[in-house]
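Peer 1: Mapping of the sequence shown onto the numbering used here: position 71 corresponds to residue 71, and the numbering continues sequentially without gaps.
Careful, some of the hints might be misleading.
[What the hints assert, rightly or not] Listed next, the in silico DSS-like pairs over lysine-lysine satisfying Cα-Cα at most 30 Å (straight line):
{"hint": "1", "residue 1": "Lys22", "residue 2": "Lys78"}
{"hint": "2", "residue 1": "Lys34", "residue 2": "Lys22"}
{"hint": "3", "residue 1": "Lys103", "residue 2": "Lys34"}
{"hint": "4", "residue 1": "Lys78", "residue 2": "Lys34"}
{"hint": "5", "residue 1": "Lys96", "residue 2": "Lys78"}
{"hint": "6", "residue 1": "Lys78", "residue 2": "Lys103"}
These are computed hints drawn from the structure, not numbers from a lab.
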Amino acid sequence: MHMHHSSLTIDGLTCVCNALRKASRSVTRFYDEKMENTGISLAQFAVLRNIGRREPLPLMDLAHILVMDRTTLYRALKPLAREGWIALDDGHGRAKTVRLTSKGHEAVANSTDAWHAAQRSLVERFGLDRWATTETALQDLVTISQEATTQ
1 MHMHHSSLTI DGLTCVCNAL RKASRSVTRF YDEKMENTGI SLAQFAVLRN
51 IGRREPLPLM DLAHILVMDR TTLYRALKPL AREGWIALDD GHGRAKTVRL
101 TSKGHEAVAN STDAWHAAQR SLVERFGLDR WATTETALQD LVTISQEATT
151 Q
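Kindly generate the complete structure, drawing on both the sequences and the hints.
Peer 2: Next up, the structure:
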């Protein structure tokens, strides 16, 4: 049933956070199933890919890019280091930087086709224009929520 915007109220809406978490879990599950034969999860792929795009990358910058607090980021990096996919190096002062190892570059390369297949499948079914609008709206939500937490 389509509701007209004039009849919407804040109290009548689904919780934004719960709706996004449900969508995130479902989409993550979809990507993970498409990528299951690669030996890497979507979450690992996302971290590795972001590192590979900007390496060597200060951990503070990676946390900002991924919108993660440092503790969560460190927990996410531990299995990647254990697999030999990343290397942590000393940066400026006490800061650390992260980079992909050759094994990490290989893991990303071996998973990219499966990721592209998942991406293509989901976007084609959802609609390219609709996804572009949704992506912009999600970025706006990130910005708004980050600004609100710093006030």
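Peer 1: Could you run down the list of hints and mark each one as holding or not?
Peer 2: Evaluated hints:
no.	hint	verdict
1	Lys22 with Lys78	26 Å, holds
2	Lys34 with Lys22	19 Å, holds
3	Lys103 with Lys34	21 Å, holds
4	Lys78 with Lys34	24 Å, holds
5	Lys96 with Lys78	14 Å, holds
6	Lys78 with Lys103	15 Å, holds
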